[in-house]
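**Q** Listed here are the chains, written in short residue letters.
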Amino acid sequence: MTTAPFSPEEIAAEGIKPEEYEDIVSRLGRHPNRAELGMFGVMWSEHCCYKNSRPLLSQFPTEGPRVLVGPGENAGVVDLGDGLHLAFKVESHNHPSAVEPFQGAATGVGGILRDIFTMGARPIAILNSLRFGSLDDANTRRLFEGVVAGISHYGNCVGVPTVGGEVYFDPAYNGNPLVNAMAIGLMETDEIVKAGASGIGNPVLYVGSTTGRDGMGGASFASAELSEESLDDRPAVQVGDPFLEKSLIEACLEAFKTGAVVAAQDMGAAGLTCSTAEMAASGGVGIDLDLDKIPEREPGMVPYEYLLSESQERMLFVAAEGREQELIDIFHRWGLQAVVAGKVIEEPIVRIWFEGKIAAEVPANALSDNTPLYKREVLAEPPAYAQEAWKWSVDQLPSCDASGIDGKSWTDVLQTLLTTPSIASKNWVYRQYDHQVQNNTAVMPGGADAAVVRLRPQLGASEEVGYGKAIAATVDCNSRYVYLDPFGGAKAVVAEAARNLSCVGAEPIAVTDNLNFGSPEKPIGYWQLAEACRGLSEGCRVFDTPVTGGNVSLYNETLDASGTPTAIYPTPVVGMVGAVEDLSTVVGQAWQGAGNSIYLLGVPISQIATNAETVTLGASEYLAQVHDTIAGKPPQVDFDLEKAVQAVCREGIRAGVIRSAHDSAEGGLVVALAECAIAANQGAAITLDAAEGSRLDTVLFAEGGARIIVTVAADQATAWEATLTDKLPNRWQLLGTVSEDDDFTVAIAGETVIQTTVGTMAEGWNEAIAQKVAGDVAL
Amino acid sequence: MKFGVIVFPGSNCDRDVRWVTEGILQQPTRMVWHQESDLSDLDTIVVPGGFSYGDYLRCGAIAQFSPAMQSTVEAANAGKLVLGICNGFQILTEIGLLPGALTRNQNLHFVCDHVGVQVEGGSSPWIQGYKPGSVLTLPIAHGEGRYQADENTLKALEDNGQVLFRYVPNGDERDWKNPNGSLNNIAGICNQRGNVVGMMPHPERATEAATGGTDGLAMFEGVLKALVPAG
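Chains as they are written, first to last, in our numbering: chain A, 1 to 779; chain B, 1001 to 1231.
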């Protein structure tokens, strides 16, 4: 073989390793040309082919009676009964958001929406899971404001409500924020539209926006560590146009209903390259595509640029032969591009024409199916950082008593936790998102542990009034737990997602996951990834929530000026959807009336000492914020207890007995109680017995324990307690009563340890993030 | 009564309006594509919220040139009822059916929330479902909802009783506030004749208890009563 027509630097610049280049040459039987090299570069990136994560993802449970479409298509689809089919998926846009937060986040939303409506589903909800560094850092504030504005810009304009999500702040994400967006859609076509091309001779249609030089090689960019230079790599970030996307949604759904569309694939990462290769490979056919037909945004583009452009709002269709004009007319009516740019061929290759010559010719499966795979060794022993952290014990904290700890009263500690940005109200964020458009949002953001969206077909109207079904959705990940214990932490993520759904009365159905990790090429990074995948798999099996798809984002590391890479916390975000059979039974987290009894479901105070692994200050928000310590083992999940508690909660809600429900998560029991009180603008009197063998801070702020706080009307308390004794023996306790006024007190063994008002708590909790953002005076 | 809902590329509350007029109130409702110009079959025209034509150039600036809007002006001048909600309000001011303009919110952020809105009095058919002075809880969702007009225009609006809805600037326990810096706390106005109304709050989003309140429903019910003779 002749020597490569590229320098090692040129090959490396496409994200291709030397041994991968050898592989390409042997597959082609020749050296690739420039365009082909670029195509392999993006398609063999982790972002597109999961070469590091695929062996780990294969352990996920992916099947179940409700699963209609599992991993591998644009999105997963589950059956909700009554002919309702739900498509949903989560995707990351981390690297683009780090470089250009506004467009990076905006196009993240645009991309995940396309995955949904490509299937024939109308998007009905967006959630997002965001991670930023410390808000005390000016650059973090810039990223935070930019990302929120970008999501707001895109989601609001496109007319899909942003109904929920989560935002965490931790120095571990300084310079490498995470922007994960999840979209949910309701199938509007009879048949699920898939990506596999078929029908030799069928025309291939290019629809949507034009192709320009934006977003060149974004997939490769997303699969490498961020560096000083990548901050200058803004051309790798796409620019979104939500107005075009809105028109594209309408035009696509209209087009699918004609029955003239054989297959559809959105152009996301790796644009034309990826869509042609994936459509061809999954259909077992080939595609012949003429770049001269592609509507261009600017003149003078070369094949490499056409093929790697990640211009937004574009799709590729295979149409039924002879019906292409029908489809073109629909897109033109919506002011969108639509041209026949190629055809389906028998030979399983992607053949690209440019100016009458073949510009690239590659076996389709070499790009999208039969791609490299790296099975790496997992560390036999947990790495030193974890072993060190696990040595921590609560005895290392200063002693405490009823008056507080280290000169701080428990009331002060509570207020500190409530004003911690990760715990504080996210109203500064969600007030910028239209969370109501489409008229189906049943729970406003911040109102409950999960978002709840009414299900109804949006076309046609009158017959569905009063339709009572809904879906609930949540995105979750306590990444500090995962960092300190990837296996246990990942199980806890799944448990929390299911718990959040149960708190509105929804039955967990299925999962989409977004694995945000550091470099898998490093032993610790791969250990975190492998252990977390094992934990997610186990969790999803236990809760019977198969994984129907998702996204992998590796190399989330930033290089500091000296070139030392720093990985983010491993962050396996779980997006979970649940079914609500009767919308009228859904509850939120706010107390619903003075005098109602407040119960704790899960590990009661008296059993903390004997369940020290399940209820602990290890990895807690209290430890991090009040003692500046990131250590310990996070609470270990007791699956049997989790399932029992969640079932009791759901049944109580469906029976109309439970009036409010909220899970105890970051900040533990007292923070959860405070959040219920703030939501209701109504206080509570909590009276607890002394907890033998437990420190006060553990009683107040320990996390874990499968805990949910519910309220029940006083006149139903006796019957409810009988139910609890039957269904959850010894795993519940009465905590107190909702007050008439806004006094919030916690007394232990007759001694008041927390005394504050809802007004005081609410002020700090509501304003904490706005105040931090306002610190950015140099705007 | 037959409703028409104008659909621009970029409209996104069009179906929500139809859900109310056709779904809840059982009135015939036609979706009117922006390139249509024959609106003669309609009694009431709703210009819905969204981002017509992407809100490029300026909110509502391009929509005013559409055939459907030109016909809407004719219909309004002939006395038919016209309601512009959010982006629809912006379009009605751009096209000159209503005075003033909607500019960027005072804090420069998009805001989605529930606000307190007080109904003023007057003879406009659009507020006949409400008692003057009543305070409604209505959803808002806009980035450019700050009502502005010159002093003379404002004075004329006030003198003629054309201000129909006002944000409650300081409620007691609900912590209401003017969300966008609108002059005179203006949330919605009508023309002198009272048949054309523009408002930033979304009454169509407050029509069912299951999705956040019913305070907006009386707006549509009131208009039905006002137009359909009793009996």
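One thing to keep in mind: the hints can contain errors.
[As the list claims (entries may be wrong)] Think about it this way: if two alpha-carbon atoms lie no more than 27 Å apart in a straight line, the pair counts; the simulated DSSO-like pairs of lysine-lysine are: (1) Lys1131(B) with Lys1155(B); (2) Lys426(A) with Lys772(A); (3) Lys1177(B) with Lys772(A); (4) Lys17(A) with Lys375(A); (5) Lys772(A) with Lys408(A); (6) Lys1177(B) with Lys426(A).
Hints are computed from structural coordinates only; laboratory data are not their basis.
**Q** Would the pair Lys426(A) and Lys772(A) pass a check requiring their Cα atoms to be no farther apart than 27 Å?
**A** Judged against 27 Å, a Cα distance of about 12 Å means the pair holds.
**Q** Verify the proposed pairing of Lys772(A) with Lys408(A), using a straight-line Cα cut of 27 Å.
**A** Answer holds: Lys772(A) to Lys408(A) is near 23 Å, not above 27 Å.
**Q** Within a Cα-Cα threshold of 27 Å, do Lys1177(B) and Lys772(A) meet the stated pairing?
**A** With Cα atoms ~22 Å apart, Lys1177(B) and Lys772(A) stay inside 27 Å; holds.
**Q** Is the Cα-Cα distance between Lys17(A) and Lys375(A) 27 Å or less?
**A** Distance ~16 Å between Lys17(A) and Lys375(A) Cα, so the pair holds.
**Q** Straight-line Cα separation of Lys1177(B) and Lys426(A) no greater than 27 Å?
**A** It holds: about 19 Å lies between the C-alpha atoms, which stays within 27 Å.
**Q** Under the criterion that the straight-line Cα-Cα distance not exceed 27 Å, is the pair Lys1131(B), Lys1155(B) satisfied?
**A** Holds. Lys1131(B) to Lys1155(B) sits at ~24 Å (cutoff 27 Å).
This entry satisfies every hint, going by the numbered hints stated previously.
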